[in-house]
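Engineer: Protein sequence lines correspond, in order, to chains A and B. Under the working numbering, the first residue of the first sequence carries the number 27, and numbering increases by one thereafter. Under the working numbering, the first residue of the second sequence carries the number 27, and numbering increases by one thereafter.
Be aware that a few hints might be false.
Heads up, the list lumps identical chains together, so a pair's fine if it works in one copy or across two of them.
Lysine-lysine pairs mimicking DSS-like chemistry, simulated, CA-CA at most 27 Å apart [claimed, not checked]:
1. K356 / K329
2. K109 / K53
3. K329 / K344
4. K340 / K89
FYI, nobody ran anything at the bench for these hints, they're computed from the structure. Bear in mind that the values here come from a model prediction, so they are computed numbers and not experimental data.
2 protein chains.
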Amino acid sequence: MTKEKQFVKEITTMEDDFAQWYTDVVKKADLVDYASVRGSMIIRPYGYAIWEAIRAALDQMIKETGHENIYMPLLIPESLLQKEKDHIEGFAPEVAWVTQGGAESLSERLVIRPTSEVLFGEHYAQIIHSYRDLPKLYNQWANVVRWEKTTRPFLRSLEFLWQEGHTCHATGTEAQEETERMLEIYAEICEHFLAIPVLRGRKTDQEKFAGAVHTLTIESLMHDGKALQTGTSHYLGTGFAEAFGIQFTDKNGELQTVHQTSWGITTRLIGALIMVHGDNRGLVVPPRIAPKQVMIVPIAQHKEGVLDKAYALKEQLKSVARVDIDASDKKPGWKFNEYEMKGIPLRLEIGPKDIEKDQVVLTRRDTGEKMPVPMNELETKVTELLHAIQDNLFARAKAHREEKTTVARTMDEFKTALVENPGFIQAMWCGSPACENFIKDETSATSRCIPFEQEHVSGHCVCCGEKAEHLVYWAKAY
Amino acid sequence: MTKEKQFVKEITTMEDDFAQWYTDVVKKADLVDYASVRGSMIIRPYGYAIWEAIRAALDQMIKETGHENIYMPLLIPESLLQKEKDHIEGFAPEVAWVTQGGAESLSERLVIRPTSEVLFGEHYAQIIHSYRDLPKLYNQWANVVRWEKTTRPFLRSLEFLWQEGHTCHATGTEAQEETERMLEIYAEICEHFLAIPVLRGRKTDQEKFAGAVHTLTIESLMHDGKALQTGTSHYLGTGFAEAFGIQFTDKNGELQTVHQTSWGITTRLIGALIMVHGDNRGLVVPPRIAPKQVMIVPIAQHKEGVLDKAYALKEQLKSVARVDIDASDKKPGWKFNEYEMKGIPLRLEIGPKDIEKDQVVLTRRDTGEKMPVPMNELETKVTELLHAIQDNLFARAKAHREEKTTVARTMDEFKTALVENPGFIQAMWCGSPACENFIKDETSATSRCIPFEQEHVSGHCVCCGEKAEHLVYWAKAY
Ligand SMILES: [Zn+2]
Ligand SMILES: [Zn+2]
């Protein structure tokens, strides 16, 4: 076997096999590699740099809204996890158990955190005493483990990275305002940074978080017409607080129970990014979170002056963009392929002919458009194009979602839409779990959210025909 | 039981009981709280903000020297850990074992990573093929678990946070240069940011990392005369690379094995910070990594104009310092105590009399010095003082270390020094493990490092009297 690196191979086209296309992209764009443990992933430098960019943007917003970061232990005693009944029922089937430490068999099993509500609950009971201690607004960046049966990189893996916010408030109103505030911040991360349009709404009771009063969610549509939940924000009410005894003395000296929230986004967002913007040449990364926004590829770089000019351009562009250069001895064709696969927003070519004409050639990753740009307009043009690409990606994804959203008034329309125009289905619902389950069993589509912006597309439940309570977005989902 | 928060309590003086003083400081300065799992810790917002500051400074240096961040899985199959013999022998006694996932009993046990050499080894074997792929310079920020019997917050805990660098090089020389480069970066973090002077040197074979050819180390002296290892950088040679088959084709088309390094620093650094700079009023945080550098305490804040002025000062100082204000209804005395306990470098008092005189009163945390400062000199003075405090903390710690370093030429001198002036002992060593073990058994002091800067304090081994090979620093250590 030769140990020389091979050329970038072709990837499966998404029309032929979307799942294989996804797997090809995560591997060929160097986002992920597989490790020894089934369902675990190695997040490679390029994938991790995207996560760092998302994290930096979100962390700043979390701090600006008064939250503080904290770090909780990885391991949770079984008895602590069992303190909140709905919670343990929801999570017990999918946790990893530590039963031995060194040579010692543990008298009580430990769980690797699947989420940290119970740890925060125990801590808050220790540190909250008075109304002066409220609100407590904590956030944690951490890894969590869930023992998933079927796994896919970023979308569903044994271990993933996330942030989990956990807050305590004096009143339910304040806590619910917090869940809305954080959902809006998640929507901002998706729409403004990742160029992924989202639907904002509430989960049905069946789809809400184990232990929550209600769950707010943002939902996005992938290129294949499946939905992906991109962030959730839970109003926990006083359930955990009662289980853990998180009480405070109010202004009148009376003992009260706090109202709690929790909210999180995960490395799943990278999966969403791939499936919303990617194409048959690979990944497409929106400029605002792209680790590298411009890649300089010198043409005929052995010729005098080319490399010097290429490095000078890198210096010149540093103040307006995150720019890099590939001056390796690989062929320009290989480089074009490689940086298209990695979805770098702009390619800049510079060769002897360009130098003669005092220009460079820029190529947009989103449209493939190629254009000569005079050297003295370069900074302005790069800035403009990065904005244009960001806007175009968002507009394109939004148009795709709108095109793939169908109103259904009957189950026949519902089923037809799923086949003929797979995507979101807007349909009225009576509010009964029976109808929700029936739809799921019949069509594999689940209720994604009850959108905040309600429309009245019909007076009757799409399933049972009874009086409709809510407009619901339904879809097959990841 | 009243749920009202109590006043900050006195802490144990370090002269009375250093260990209790340490525990008091980590708790009362709100750095850490305890969790349900024995030996685990909750890193509270103030402690975590210090870690974030260290991480930000180090991450920048790691990236500037060409390293890329990556994320490896938390769980390692037992068979993978066993691939490198010395490594598994070193770590097996102190790992946590996962034996069950969901309802399923695992056919192979998994280890929660105590360190990730084997995961990097497996990955590098997949992605390195040619000399063009070298060097590979990866780093990971992560949590690790070691099943420690006795634990103390930051110093020795079941789980801790760290970064671990893992690199591959074409030659041993390059790899060894890398270990030196990273040790110097760690020294820079300690000395320049944390104001902690370090000794740079090499570990003896007995004290080196399990699986390394040699280990470089930086060692610091705590206030009680005990040493703390503050960072290590390992040259792994080709041991792991042979076990994992990490090979590359060189320029001549021949198959070669890579040379590797690994290096890490941990949340232990926060323990060092406490024990090097802290005093009987609590923590002292060096300005360069202090989450808050200036705390404004309004005096008689109910009087007209005081709070307005205090907030205006906060705005005014924002461009030169990380500044905060405590405008709560707690008494100034409580606030003075609280921010001394938290080690905030400068306190700024502003009251009606100060406003009349167009001044504020600044108090240095390191010296307790209190000084009126005219309003129009404030920015300059704050900048100056923050530098002065940073420098003073370093100078004070260095003077302490020098005062607590004794040359010993005989075992009698060695033992006397440990009793009369506990700290580092400089003594010559013949190089034999027997002498090293004898010293450890007799005195509890261990060899901390063979310093790069060798002096010849005697011709004979302090233990056996044979010809001396090296000057060694010895100390009792954490
Ligand atoms: Zn119905
Ligand atoms: Zn000897």
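Engineer: State for each hint whether it applies.
Structural biologist: The hints, checked one at a time:
1. K356 / K329: This pair counts as within: shortest intra-copy Cα distance 15 Å, inter-copy 72 Å.
2. K109 / K53: between (41 Å within a copy, 26 Å between copies)
3. K329 / K344: For K329 and K344, the Cα distance is within 27 Å only inside one copy (24 Å; across copies 51 Å).
4. K340 / K89: For K340 and K89, the Cα distance is within 27 Å only across copies (18 Å; inside one copy 33 Å).
Violation of the numbered hints given earlier is absent; every hint is satisfied by the structure.
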